[in-house]
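Visitor: Residue numbers (this note's numbering), protein chains in the order written: chain A, 1 to 84; chain B, 85 to 496.
Treat the hints as calculated values from the structure; they're not laboratory data. Treat the numbers as computed from the prediction; the structure is a model and nothing was measured. Warning: the hint list may mix true and false statements.
Here are the simulated distance ranges between beta carbons [unchecked claim]: (1) P28/A <-> E123/B: 55 to 63 angstroms; (2) D70/A <-> K144/B: 52 to 60 angstroms; (3) Y352/B <-> P78/A: 33 to 41 angstroms; (4) A74/A <-> H214/B: 53 to 61 angstroms; (5) E123/B <-> D25/A: 53 to 61 angstroms; (6) A74/A <-> Y207/B: 21 to 29 angstroms; (7) Y352/B <-> K79/A: 51 to 59 angstroms; (8) Y63/A <-> S106/B: 19 to 27 angstroms; (9) K3/A <-> F211/B: 23 to 31 angstroms; (10) E294/B <-> K3/A: 56 to 64 angstroms; (11) E264/B <-> D20/A: 34 to 42 angstroms; (12) P28/A <-> H214/B: 20 to 28 angstroms.
Covered stretches of chain A, going by a simulated chain B footprint (3 or more residues, C-beta under 8 angstroms) [what the hints assert, rightly or not]: (13) 45-55; (14) 58-71.
Here a beta-carbon is modelled for each residue, glycine too, at the ideal position from N, C-alpha and C.
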Amino acid sequence: MSKDECKQVVLDIIAEIAPDEELSDVKPDVALREQLDLDSMDFLDIVMELRKKHGIEVPESEYGELVSLDSCAAYLTPKFNALV
Amino acid sequence: MEVSRVVITGVGLTAPNGNSLSEYRGNLLNGVAGISRTEIRFMGEVLAGICDFDPLRYQKRKEVRVGTRAGSVSIYCAHEALKDSGADFETMDKDRIGIYVGITEHGNVETENEIHNISQFDYDTKFWTHHHNPRTVANNAAGEASLNLKVTGPAYTIGAACAAGNLGLVHAVQMLQLGEVDFAIAGGVSESIHTFGIFAGFKSQGALAEHEDPNKASRPFDTARNGIVVSEGGALFTLERLDDALARDAKIYGEIVGYHVNSDATDYVLPNPERQTQCMRAALKKAGMASQDIHIVNTHATATPMGDIQECQAIAQVFENCPDTYVNNTKGFIGHAMGAAGALELAGNLPSFEDRMVHPSINIDDLDPKCSIPNLVLNQPTQAKRVDAILNNSFGMLGINSALIVRRFSDQ
């Protein structure tokens, strides 16, 4: 999986958990919470959907890695690729 | 003790046969029921009263996803009631608004859904949602409304089985009279049709209705009645002290002049007509009224074989020699909306103060002689000579009884 594909996976999850948000111009290097109406419960939803849909575990101590699309891709892409 | 008079100034509702008071009332007068077949997990096809209001009228999609059906029902009804009241909500002191929502039960829907969810993952609880607790706390239906409306006064639910709709109103009257709040949004809601447990429970009890025609299944007082049709819905009213309502020239639907709540203390599910009689008489006494002063008695009548008979016995005792008192029921139209039942039933009769029409009880093809009480309005609406007061009965499991009396408003 490429980093762009990984970003799309995260965006697809956000589209489900925050269906009122416009996601077409999310800036990958800006914190998601600075540009979208996401709260801490929404981040737990992202963690849960990664677990349910993709078998990816994000330990609580590493939640900070999900701050932006770029950081998500940097953190999650190796995890996705390790699944294969 | 001198207490403030409390009046109803707005109505917001969703029922299986209407999403506004005018639509609902029109269907009650025209004999239009709203029961359909639906699929329920583990149960297959069941009969249910399903509401088709648009939750997105007042909620964001994320709020609907994160919240509960009971929350959505509350939010819809609260907004509709506020709009109907004509109150200037934007300028109101939100600390002084109370939200009191009657519920029969809460939490079963979300718990069943989560158990189903983790069953897809070999019952590993790490897949259990973090939304579970806020969704299942007992105050959920009122709390979601307070969040949505940014109401910062007291907002909580009142658990009272199927008497809960009346109890929401009773509590609002008390809080207004105590001066705890200046404006109340109160009534009852139900999301019960989204849990299989309530259907399975009534079926095991031998009290789940079945009929080939869904709209004929709920038939209180009919010889062929065979139980309850479970429904969802809600009705919330705005209530104010009379002086406040008059000061803003509010439309007044009626004045709550009496109520009583008591307990059977006899059985988990079977009603007790003696206690029901006491409850109605105590409400009349508080209102300073005689039985003859009541012109419509709404029955709780759930269409169970024994429950209807016992309630009719109680009503016959309290309302003997009352030639101008009519008796009706909405459950033939909408099934049993549980925590919303009492509130929806009151809403269905309130317009009678204006048009003097008494909506019927429907689906009575063969009246059970044991339910044959005077002036039971059968299948067709009746024009009453006068409708000055309504007594709204609502009873529930574990023997909770409630009677609420609403009088046509008169500035006397």
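Visitor: All hints, please: hold or fail.
Guide: Evaluated hints:
The supplied range of 55 to 63 angstroms is broken by P28/A and E123/B, whose beta-carbon atoms lie about 43 angstroms from each other. Between D70/A and K144/B the CB atoms are about 27 angstroms apart, so this pair departs from the stated range of 52 to 60 angstroms. In this structure, Y352/B and P78/A break the distance hint of 33 to 41 angstroms, their C-beta atoms being roughly 58 angstroms apart. Between A74/A and H214/B the beta carbon distance is about 25 angstroms. The supplied range of 53 to 61 angstroms is therefore violated.
Take E123/B and D25/A: their Cβ atoms lie about 41 angstroms apart, and the range 53 to 61 angstroms is violated. The supplied range of 21 to 29 angstroms is broken by A74/A and Y207/B, whose beta-carbon atoms lie about 34 angstroms from each other. The hinted window of 51 to 59 angstroms between Y352/B and K79/A holds, with their beta carbons roughly 53 angstroms apart. Take Y63/A and S106/B: their Cβ atoms lie about 50 angstroms apart, and the range 19 to 27 angstroms is violated.
Between K3/A and F211/B the CB atoms are about 27 angstroms apart, so this pair conforms to the stated range of 23 to 31 angstroms. Between E294/B and K3/A the Cβ separation comes to about 58 angstroms, which falls inside the hinted range of 56 to 64 angstroms. Our hint of 34 to 42 angstroms for E264/B and D20/A holds, since their Cβ atoms are close to 35 angstroms apart. Taking 20 to 28 angstroms as the suggested C-beta distance range, the pair P28/A and H214/B conforms, at roughly 26 angstroms.
Under a criterion of three residues with beta carbons nearer than 8 angstroms to beta carbons of chain B, the stated coverage of the segment 45-55 of chain A is upheld, 4 such residues being counted. Only when three residues or more bring their CB closer than 8 angstroms to a CB of chain B does the claim for the segment 58-71 of chain A stand; here the count is 0, and the claim is violated.
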